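Peer 1: Residues per chain are reported as follows:
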Amino acid sequence: MMIPIATITANGSTSAFDFQNIPQTFTHLQLRCFVGINTGSVFFCAINNVYNNTKYPWHRLYGDGASTASGSSTTDNQMLISDLANSATTFGSFIIDILDYTNTNKNRVIKSIGGFDKNGSGQVSTSSGLYIDTTAVSRITLNSSGGNVLAGSRVDLYGITTSSVTGA
Amino acid sequence: MGVFLQPIYTQTVGSGGIGNITFNNIPQTFTDLKVVASTRLAGAATALGLSMGVNGAYTLQTNRYVSGNGSAASAGSASNYLGDTVGSTATASVFGSLEVYIPNYTSSTFKQYIVDAVSENNATLSYTELWAGLWSSTSAITSLSFAGGSNLLQYSTISLYGILRSGV
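Protein chains in written order, with this note's numbering: chain A, 1 to 168; chain B, 1 to 168.
Rather than coming from a laboratory, the hints here were simulated on the basis of the structure. There's no promise every hint is true.
What the hints assert, rightly or not - Just so you have them, the derived chain B footprint on chain A, three or more residues with Cβ under 8 Å: (1) 29 to 35; (2) 50 to 60; (3) 79 to 92; (4) 143 to 149.
What the hints assert, rightly or not - Restraint-style ranges between C-beta atoms, simulated for each label pair: (5) N11/A - S77/B: 41 to 51 Å; (6) G147/A - N25/B: 46 to 56 Å; (7) S121/A - N25/B: 15 to 25 Å; (8) A123/B - S15/A: 25 to 35 Å; (9) D64/A - G16/B: 38 to 48 Å; (10) N25/B - R154/A: 34 to 44 Å; (11) S108/B - A66/A: 39 to 49 Å; (12) T7/A - S107/B: 28 to 38 Å; (13) A123/B - P23/A: 42 to 52 Å; (14) T29/B - G120/A: 39 to 49 Å; (15) T89/B - T166/A: 52 to 62 Å.
Values in this document were obtained by computation on a predicted structure and should not be read as measured data. Each residue gets a CB set at the ideal place from its N, CA and C atoms; glycine is no exception.
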């Protein structure tokens, strides 16, 4: 099942969506994001309040309606989710998944899909990143590099359960 | 009223690995299926392909994709291919993140499905992919299998979910 955990709605003075004390009782996490900003900005994700440029390699595939590209980094101190719309009226939509977020046998893989369209320009992307640490995820912070996001921007955090039946 | 994203089955690979994960006797009472996979293969590569068997056979599937490898984007087609996951030479304790969505899996028409897959690795080379697939059979889907060209490694996990439409 997919269970709502928490929601953060921006009030115009919000530059980060910070989910703390995440329950450890689910198997997977999903964040559903509706975020806009009126300046050039990138949306980032940090785990457990760790900002370390050896822990967040990321990769992405993106297109702008005219061309496609792929990019990566192994030196950022948090994971890049996507560019944001740079518009006073356009909000981007993103879905971010973190599977097995409490499993101490796995480093964390963060996967996202999303984008925005400004009626003449825009971007769609799928991104992935690593948090190179097997510590359970108890805090997720989504940061805007450009400062405060538009009022009404919202991020919802969900927990996802799994079955104990194998079906084998 | 049905539960959104109802867990049906989950399998986790034990020590020694396994050649495939199979879900049999899939209930025919949902509208759509969703598969969530966190996997790593034993083959010696950064990333390797997964395939999905339907009703016991890895056949009758045609696929199209867009892919980014960390430095370049590409597109193409394939057969009987689900997407890429992590191989044994990728960063340790990293498992690929892959989701499959199969709408109308009990219908008497051919079955479409979409895949969102990332492999991840602490280096430039890693894959972010979107796939669309067609299973050219009018049979209802009663079993699903997942395999690569080598064993699925310990701690790999695949979960199957059922989704109901309104009014059911």
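Peer 1: Please go over all the hints and tell whether each is borne out by the structure.
Peer 2: Okay, the hints, checked on the actual structure:
Residue count for the segment 29 to 35 of chain A with a Cβ under 8 Å from a Cβ of chain B: 0. That is fewer than the three needed, and the coverage hint is violated. Beta-carbon proximity to chain B at under 8 Å applies to 3 residues in the segment 50 to 60 of chain A; the threshold of 3 is reached and the given coverage holds. Counting residues of the segment 79 to 92 of chain A whose C-beta sits closer than 8 Å to any C-beta of chain B gives 0, which falls short of three, so the coverage hint is violated. With 0 residues carrying a beta carbon less than 8 Å from a beta carbon of chain B, the segment 143 to 149 of chain A misses the three-residue requirement, and the given coverage is violated.
Hint check: N11/A to S77/B, Cβ distance near 47 Å, so the stated range 41 to 51 Å holds. About 53 Å separates the C-beta atoms of G147/A and N25/B, a value consistent with the hinted range of 46 to 56 Å. The beta-carbon spacing between S121/A and N25/B, approximately 49 Å, falls outside the hinted interval of 15 to 25 Å. In this structure, A123/B and S15/A meet the distance hint of 25 to 35 Å, their C-beta atoms being roughly 31 Å apart.
Checked against the given bound of 38 to 48 Å, the beta carbons of D64/A and G16/B, roughly 46 Å apart, stay inside it. About 40 Å separates the C-beta atoms of N25/B and R154/A, a value consistent with the hinted range of 34 to 44 Å. A beta carbon spacing of about 40 Å between S108/B and A66/A agrees with the range 39 to 49 Å that was offered as a hint. For T7/A paired with S107/B, a C-beta distance near 35 Å keeps the hint of 28 to 38 Å intact.
Between A123/B and P23/A, the C-beta spacing of about 33 Å breaks the proposed range 42 to 52 Å. Here the CB-CB span from T29/B to G120/A is close to 45 Å, well matched to the stated 39 to 49 Å. Evaluation of the 52 to 62 Å hint for T89/B and T166/A yields a failure: the beta carbon distance comes to about 30 Å.
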